[in-house]
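Work out the full structure, taking the sequences as your base and the hints as a guide.
4 protein chains.
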Amino acid sequence: MKDISPGDLEKGLPLVSKRDAAHKTVVNVGTHAIGRSNFTVIAGPCAVESQGQIVEIAHRVKALGAHLLRGGAFKPLTFPYRSSSVFELREEGLRYLKKAGEEAGLPVVTEVMDPRLVERVASCADMLQIGARNMQNFPLLEAVAETGMPVLLKRHFGCSLRDWLGAAEYLLKGGNPNVVLCERGIVAPHTHQPASRFIVDLQVVPAAQEMTHLPILVDPSHSTFRRAYVAPVARAACAIGADGVLVDVHPAPEQAAVDPLQALGYPDFERLIQDLRGICKVVGREFESSLAPR
Amino acid sequence: MKDISPGDLEKGLPLVSKRDAAHKTVVNVGTHAIGRSNFTVIAGPCAVESQGQIVEIAHRVKALGAHLLRGGAFKPLTFPYRSSSVFELREEGLRYLKKAGEEAGLPVVTEVMDPRLVERVASCADMLQIGARNMQNFPLLEAVAETGMPVLLKRHFGCSLRDWLGAAEYLLKGGNPNVVLCERGIVAPHTHQPASRFIVDLQVVPAAQEMTHLPILVDPSHSTFRRAYVAPVARAACAIGADGVLVDVHPAPEQAAVDPLQALGYPDFERLIQDLRGICKVVGREFESSLAPR
Amino acid sequence: MKDISPGDLEKGLPLVSKRDAAHKTVVNVGTHAIGRSNFTVIAGPCAVESQGQIVEIAHRVKALGAHLLRGGAFKPLTFPYRSSSVFELREEGLRYLKKAGEEAGLPVVTEVMDPRLVERVASCADMLQIGARNMQNFPLLEAVAETGMPVLLKRHFGCSLRDWLGAAEYLLKGGNPNVVLCERGIVAPHTHQPASRFIVDLQVVPAAQEMTHLPILVDPSHSTFRRAYVAPVARAACAIGADGVLVDVHPAPEQAAVDPLQALGYPDFERLIQDLRGICKVVGREFESSLAPR
Amino acid sequence: MKDISPGDLEKGLPLVSKRDAAHKTVVNVGTHAIGRSNFTVIAGPCAVESQGQIVEIAHRVKALGAHLLRGGAFKPLTFPYRSSSVFELREEGLRYLKKAGEEAGLPVVTEVMDPRLVERVASCADMLQIGARNMQNFPLLEAVAETGMPVLLKRHFGCSLRDWLGAAEYLLKGGNPNVVLCERGIVAPHTHQPASRFIVDLQVVPAAQEMTHLPILVDPSHSTFRRAYVAPVARAACAIGADGVLVDVHPAPEQAAVDPLQALGYPDFERLIQDLRGICKVVGREFESSLAPR
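Chain order of the listed sequences is Y, X, A and E. Take the first sequence: its position 259, counted from the start at 1, is 259 in the numbering used here, and no numbers get skipped. Every number in the numbering used here is 294 more than the matching position in the second sequence, counting from 1. Every number in the numbering used here is 588 more than the matching position in the third sequence, counting from 1. Every number in the numbering used here is 882 more than the matching position in the fourth sequence, counting from 1.
Note that these hints are calculated values from the structure, not bench results. Worth double-checking, as some hints may not be accurate.
Cβ pair distances, simulated, as ranges [to be verified]:
no., chain 1, residue 1, chain 2, residue 2, range
1, X, 561, E, 1107, 33 to 43 angstroms
2, A, 612, Y, 225, 53 to 63 angstroms
3, A, 691, E, 904, 57 to 67 angstroms
4, A, 691, Y, 36, 44 to 54 angstroms
5, Y, 81, X, 410, 24 to 34 angstroms
6, E, 1005, A, 840, 49 to 59 angstroms
7, E, 1110, A, 612, 42 to 52 angstroms
8, Y, 24, E, 1057, 52 to 62 angstroms
Covered stretches of chain E, going by a simulated chain X footprint (3 or more residues, C-beta under 8 angstroms) [said to hold, decoys possible]:
no., segment
9, 1066–1073
10, 1110–1116
Note that the coordinates shown come from a computational prediction; the quantities given were computed from them, not determined experimentally. For every residue, glycine included, the Cβ atom is placed at its ideal position computed from N, Cα and C.
Listed below in structure tokens is the structure:
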């Protein structure tokens, strides 16, 4: 395997590479700024299930401290059979999500999977998510780059940091500098199990920060698939220096339509926020923040 | 991790699962049949570089025993910068490939990456390849399923057999039964190196044959990225029971526009074919075959 | 792969398994107690290089907050050729280490590799380390169990939690209940690189705490092999809930005889201790502690 | 990760490295020669269960074509509790094994785990096996080197080729040139499952043959843990160019005391030998061979 070398950088990663140690990008999403000294919490359900559900969650996570609202309307599913009609509300879900964000005053982020739907999804979102499975879907990257909107680029579970930065380079080369990286667990050696399906690569946070000026978040929910590990991994992500976390939150986690094993209920989320505020103080991050970070 | 269980099969994989030990699908591509007792060799350059190049290769690999011609016109590239104008000839490359197949009398297989281009690629090919990076690009799978054409579905290097069969299930559910699987190496533990970048999962061949009626090939070129290992891995694939191999062949391998470290020259390819014929006899496969396998 | 199930526990892990959620073992090493609500810092050089070196380090890490002193006298080396005479001081190094611990008032932990040398190493140490490579050296485990001394059992980089607990079970079955686990990085998918050679499996901390009553530490130095990642990973280990960390500290890290890329100098170690104290408050751990933890 | 470079070779692997392409070591075990153009089959039960059992197996595998007899008397067990008294016959098993080899006229290979027992095991064996878990048990390597006897050095499932050759270098440096490598599966990415617990790294065969003059075998039984995959992987090992295979054979495989899921019965072993003879002809190996290989 070729590691990232200065030569590689010159050839392949001119736009995502850091110029110097102080070079850090801040990505503004609505009224919130991701990166620099801010610590960002993005929270919400894995899937938008109904208008009532997403509006209620938006108000609650906002009150508890979240900075952005997440919710899936289009979902990549390993098997083509849906076990429930609320798995994917698609366009309907997008409208509910947009309404929830507006009512609660939270910018919203949601996934787009098809280059033919980018415009439609973009019209309902403040930030577009490229899911792990589409990290190297190059036509999709090019279509999303054209929107100029903030992008949350998840790392594919089978891809290296170098591959990931290559995907980010497509977005920047396409004219879109508003890219935020998000680690969500990588293929684990089988010996990692039964801890969980993937292993969260927390070391990639300092590794990425050496290479690139882009902010980097961690998703403790999809990287562990297990409720009991979500708060510990989120705390560890904050302690290791990540720019934020993306957490599945659901009012009745055991009954979530998608991934019911991993969502946090409100009380667990509230405790987590309190811990994250404490760790932010230790690592020099600001939890309450707005468009003008230091 | 959930292993594949009968329950999973009922839920997620009804169409790709075997009914019984004798249940084996044959996929006809032009006048060639993939599967059952046939052993299939697909050969050609990683990238179509010019009309002259691909026509010459087609004639030569046909004469040496290949059953299908491969060649890339659209290439997924990790970084957005092309080092050469012959990396991706796109529509032009498709026309050359089609012409080469017709002149040599070989069905052609080529990759499609964008759902908006499926129709155009399909008009120049006898079989559509879904590349590893797009294995879980579900809108693309649905668009390819609609063509009804034979599909070569490569395994993502970060995906399990279960994920792979889930992707195949999308194709079958979309009305397309003509699916051939192709292993091309998976994410390796770092201890596998420096043998090569990926590790070819040859055990997945008998594992897949227990689960599914679909044929399964092995790509020894992209799974090793190293010329010296290509023929040994191709022989091993034949010996372990694969339905065929997909091999990069180039008249001047060191000067190939893409992946110059892995292509075989004609003399190496000729020796490999001779060895494969020998191993086919041991494992009960027919190398020379047509539309009517036993 | 078989996961740990209640049946496995009954068969293979009766002594290391938790009876209930409150079941937690405290391991006393000299006057320090590892486990329960204590957070333990073990610090010192990878290799004992001279009497002066180890005595000085002992005094300094003690003053900065460390609870135990580490230092290698016998080292497992991948290749049989020593590049330096101070790589392994063996018996001489043991005497220096013992003296340093006594002078500074710190209990000492050091590695033993050979069942024939257990008695000799035990006479100079307060805690015996089973290195990663010997985690499944069963004759060694049996010989160490017989001493009854506290044991630091490192996880082999190729072994699962189940294998690891099996090794701990050998120690407990041999009559020695004083076992502390220590994660030090596992075989990584190649895609984890170039972040570092191994990937630290922080999720194993909550996973182990669900299964066993034994304390669990993390070694951020050997799991990352890279100075810049040591403090971030140590902070993350504390935040995820580990019972402590084992950190390489050296007065002139770049000149360390063994593993010069990973040791912390005193200023970095001091900053780390300060951060760990802060995170301990958030996660409810006591940093200053003695034989009587709450 | 550092790959093997010429510099590494000079520093760490002077004795195991090849001088030139023709440099190949032959290791004589009793009257059989392993390496060069010979293909070697080592067969026998995972564990010696009784005198009658091992004597019968020895005669049968000899008649079917095996060149050496294997059988375990000391077994490394993940958990300290034996489910059966025939798991480990220890000294008793060694005597039975020696007798079986003498009666059938087959050299025998068996594992040694404890440096204190090397002499005793050596007195009953023609070749000593270092098991995977002890590959980096350096005191054991040094003790085995001193015997000068042929050594079968299995690769640890968590170790790289470089680590493995480092362990072989210990043996050669200790004065013992009679070393045969044996691949037995490595830690797999979880996505390899459910194919089996480990993944057999067949690519390591050509990779090792580039680096070292030592012969290399493959163990298809312990690398797959699954009877149905043993013969396919053994055929693949032969096709890829290995110097032989090490196969678990048992008269009643389902009732084997250890690893009952992986042993072959006599009919399966007979068919496998027939296939291996066929593949040997294709790859230029001699199956029938004696002390004087070409």
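Here's how the hints hold up against the structure:
1. Checked against the hint of 33 to 43 angstroms, the C-beta distance between residue 561/X and residue 1107/E comes to roughly 40 angstroms, which is consistent with it.
2. Checked against the hint of 53 to 63 angstroms, the pair residue 612/A and residue 225/Y fails, with Cβ atoms roughly 26 angstroms apart.
3. Taking the beta carbon of each, residue 691/A and residue 904/E are about 60 angstroms apart, inside 57 to 67 angstroms as hinted.
4. For the pair residue 691/A and residue 36/Y, the supplied restraint of 44 to 54 angstroms holds, since their beta-carbon distance comes to about 46 angstroms.
5. Distance hint check for residue 81/Y and residue 410/X: the Cβ-Cβ separation is about 26 angstroms, which falls inside the suggested range of 24 to 34 angstroms.
6. The beta-carbon spacing between residue 1005/E and residue 840/A, approximately 51 angstroms, falls within the hinted interval of 49 to 59 angstroms.
7. Distance hint check: the CB atoms of residue 1110/E and residue 612/A are about 44 angstroms apart, consistent with the given range 42 to 52 angstroms.
8. Roughly 58 angstroms separates the CB atoms of residue 24/Y and residue 1057/E, a value that falls within the hinted 52 to 62 angstroms.
9. Coverage of the segment 1066–1073 of chain E by chain X holds [criterion: at least 3 residues with CB-CB distance below 8 angstroms; count 6].
10. For the segment 1110–1116 of chain E, the stated coverage by chain X is satisfied: 4 residues place a CB nearer than 8 angstroms to a CB of that chain, which reaches the threshold of 3.
Of the numbered hints stated above, the single one contradicted by the structure is hint 2.
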